[in-house]
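Number of protein chains: 2
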Amino acid sequence: MTTPSAAPQKREDPIRPTDDAARALAKTLLRSARSGSLATLGRDGHPSASLVSLATDSDGTPLILVSALSSHTGYLEADPRCSLLLAPGGKGDPLAHARITLKLAARKVAREGEEGARVRRRFLARQPKAALYVDFGDFSFFALDLKGASLNGGFGRAYELTADDLLSDAAAATAIATMEEDAVEHMNTDHADAVRAYATGLLNAEDGDWRLTGLDPDGADLARADLVLRLPFPAPVTDAASLRRTLAELATAARPHA
Amino acid sequence: MTTPSAAPQKREDPIRPTDDAARALAKTLLRSARSGSLATLGRDGHPSASLVSLATDSDGTPLILVSALSSHTGYLEADPRCSLLLAPGGKGDPLAHARITLKLAARKVAREGEEGARVRRRFLARQPKAALYVDFGDFSFFALDLKGASLNGGFGRAYELTADDLLSDAAAATAIATMEEDAVEHMNTDHADAVRAYATGLLNAEDGDWRLTGLDPDGADLARADLVLRLPFPAPVTDAASLRRTLAELATAARPHA
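Just so you know, the sequences run in chain order E and W.
Under our numbering, read the first sequence as residues 12 to 269, first letter to last.
Under our numbering, read the second sequence as residues 12 to 269, first letter to last.
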């Protein structure tokens, strides 16, 4: 056995200055997650980690749909402070893969009204099987408002991010959300070949019946059966015109020889 | 949009009485995990979820190896209360798969002494790549002492477990730990065919260079490159004789026509 005093190695603080690559990685982790580990505070103050399925609101705010029969729901109602770990993982040492810890405050979303309708629509677009229980009386939506985040890109590549680093511009999010349902349907109906080309030509996915499931200022969500993909936009879109232009440019980029 | 008041559905408390099948599932989740989501308390009392790689001590107590440069290490030193989510997941809806939330108290393990040596040996057997940093001066082992657990076998199949439901008998764990290193080497050197048969014949794994990496009262840990498997014993073993008998019986069961 080697004792730490035998060969102490002093290493430096691994926090790096936040750059565009870190912001892009953080946004992709946030927008790609279908589930995450939620840390809440139990009634005795003891932390508790549990599994939740996820969607994002138009601006990137994480959304959960939870049952009053689950412990974490009562915990969030008693103390809204919580955290989400998004760690998609991959082969080999799990600590070699990028993951992000979000610092959050939970806020119950009323079913009635514009936000409630948008949250329900976006959650079901992302988690279609939740349609089986979304309207059970014991289920509620919570928006998890972002307070900050710690991004870990693997050993020694750590970043501290603000909510602004991760979220989309609020006005742009509202504008895109208003047209989202129609734009998604239009793309899937009239430009199914472009959607497939996004998946195969830009995201190296296997060919198949890829569908658009969501649009927001920072990118597009794609799904095929249980698989999901995130297509980040080269620059944020703010309105119908810039959304249309970006989708068209990406379709051209995805099929360079078409 | 359907409002909850439109079709309220009253559902029952999903906690079921703990039975042997629940204990076996919980132990398999605990003993199979290579990583987990750790919920700790930040200095401001805010919960925080982060990724940790895992091993278990001989009795099943989760072990982590963490750097002083990681936030969670300072959090655990300031307040030992923590929780681990073990959620191996699978295809489709993540909430359809079994997972377990452990309620824990972290305790730093001194490098010196019998426990320190055993913890280091078992951790490296489970996480061989950690040899690269295990002796860095900023890394420490923590044992996460079990206080209880919530098992979720999928929708509506929830159980509350005690530490005794999950941990192995302490005397048996000590006895097996003492002979573990020699027994593992003996099996890998002289009975490599039996180890392979455990993987292919009992655990439906693809054939390949499977190696034994650990033995404890409740079962055996197997690994092949980045894959790990857990072979639960039909009944706990308590000493060298019952361990030898169980390993031989399982080898016969794994090769019924040999």
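A few of these clues could be false.
If you anchor each label on the Cβ, the simulated ranges turn out as follows [said to hold, decoys possible]:
1. Arg168/E / Pro243/W: 31 to 41 Å
2. Arg27/E / Glu88/W: 17 to 27 Å
3. Asp204/E / Lys158/W: 31 to 41 Å
4. Glu123/E / Lys102/W: 28 to 38 Å
5. Glu196/W / Gly103/E: 22 to 32 Å
6. Leu214/E / Glu126/W: 20 to 30 Å
7. Arg266/W / Glu88/E: 37 to 47 Å
8. Gly127/E / Thr249/W: 36 to 46 Å
9. Gly103/W / Thr189/E: 38 to 48 Å
10. Gly148/E / Ala252/W: 56 to 66 Å
11. Lys158/W / Ala181/E: 41 to 51 Å
12. Asp193/E / Asp55/W: 39 to 49 Å
13. Leu214/E / Asp55/W: 36 to 46 Å
14. Ala252/W / Gly103/E: 36 to 46 Å
Taking lysine-lysine and the DSS-like style, the derived pairs with C-alpha atoms no more than 25 Å apart in a straight line are [said to hold, decoys possible]:
15. Lys158/E / Lys119/E
16. Lys140/E / Lys102/W
17. Lys102/W / Lys102/E
18. Lys140/W / Lys102/E
19. Lys158/W / Lys119/W
20. Lys119/E / Lys140/E
21. Lys140/W / Lys119/W
In case anyone wonders, no lab produced these hints; they're calculated from the structure.
Backbone N, C-alpha and C define an ideal beta-carbon position, used for all residues, glycine too.
How the hints compare with the structure:
1. Take Arg168/E and Pro243/W: their Cβ atoms lie about 38 Å apart, and the range 31 to 41 Å holds.
2. Between Arg27/E and Glu88/W the beta carbons are some 24 Å apart, a value that agrees with the proposed interval 17 to 27 Å.
3. Taking 31 to 41 Å as the suggested C-beta distance range, the pair Asp204/E and Lys158/W does not conform, at roughly 56 Å.
4. The given range of 28 to 38 Å is respected by Glu123/E and Lys102/W, whose C-beta atoms sit roughly 35 Å from each other.
5. Glu196/W and Gly103/E have their C-beta atoms about 25 Å apart, which keeps the hinted 22 to 32 Å range intact.
6. A hinted range of 20 to 30 Å is violated for the C-beta pair Leu214/E and Glu126/W, which are about 48 Å apart.
7. Checking the proposed 37 to 47 Å range against Arg266/W and Glu88/E shows it is violated: the Cβ atoms sit about 55 Å from each other.
8. Take Gly127/E and Thr249/W: their Cβ atoms lie about 58 Å apart, and the range 36 to 46 Å is violated.
9. Checked against the given bound of 38 to 48 Å, the beta carbons of Gly103/W and Thr189/E, roughly 32 Å apart, lie outside it.
10. As the Cβ distance of Gly148/E to Ala252/W is approximately 57 Å, the hint placing it in 56 to 66 Å holds.
11. In this structure the supplied range 41 to 51 Å holds for Lys158/W paired with Ala181/E, their Cβ-Cβ distance being about 42 Å.
12. Checking the proposed 39 to 49 Å range against Asp193/E and Asp55/W shows it holds: the Cβ atoms sit about 43 Å from each other.
13. Restraint check, Leu214/E to Asp55/W: a C-beta distance of roughly 39 Å satisfies the suggested window 36 to 46 Å.
14. At roughly 38 Å, the beta carbons of Ala252/W and Gly103/E sit within the given window of 36 to 46 Å.
15. Simply put, Lys158/E and Lys119/E have alpha-carbon atoms about 16 Å apart, close enough for the 25 Å limit, and the pair holds.
16. A distance of roughly 13 Å separates the Cα atoms of Lys140/E and Lys102/W; the hinted pair therefore holds under the 25 Å criterion.
17. The hinted pair formed by Lys102/W and Lys102/E meets the criterion: a straight-line CA distance of about 16 Å does not exceed 25 Å.
18. For the proposed pair Lys140/W and Lys102/E, the alpha carbon gap of about 13 Å is at most 25 Å, so the pair holds.
19. The suggested pairing of Lys158/W with Lys119/W holds, with an alpha-carbon distance near 16 Å, which does not exceed 25 Å.
20. A C-alpha spacing of about 21 Å is found between Lys119/E and Lys140/E, which places the hinted pair at or below 25 Å, so the restraint holds.
21. Our distance criterion of 25 Å between C-alpha atoms is met by Lys140/W and Lys119/W, whose separation comes to about 21 Å.
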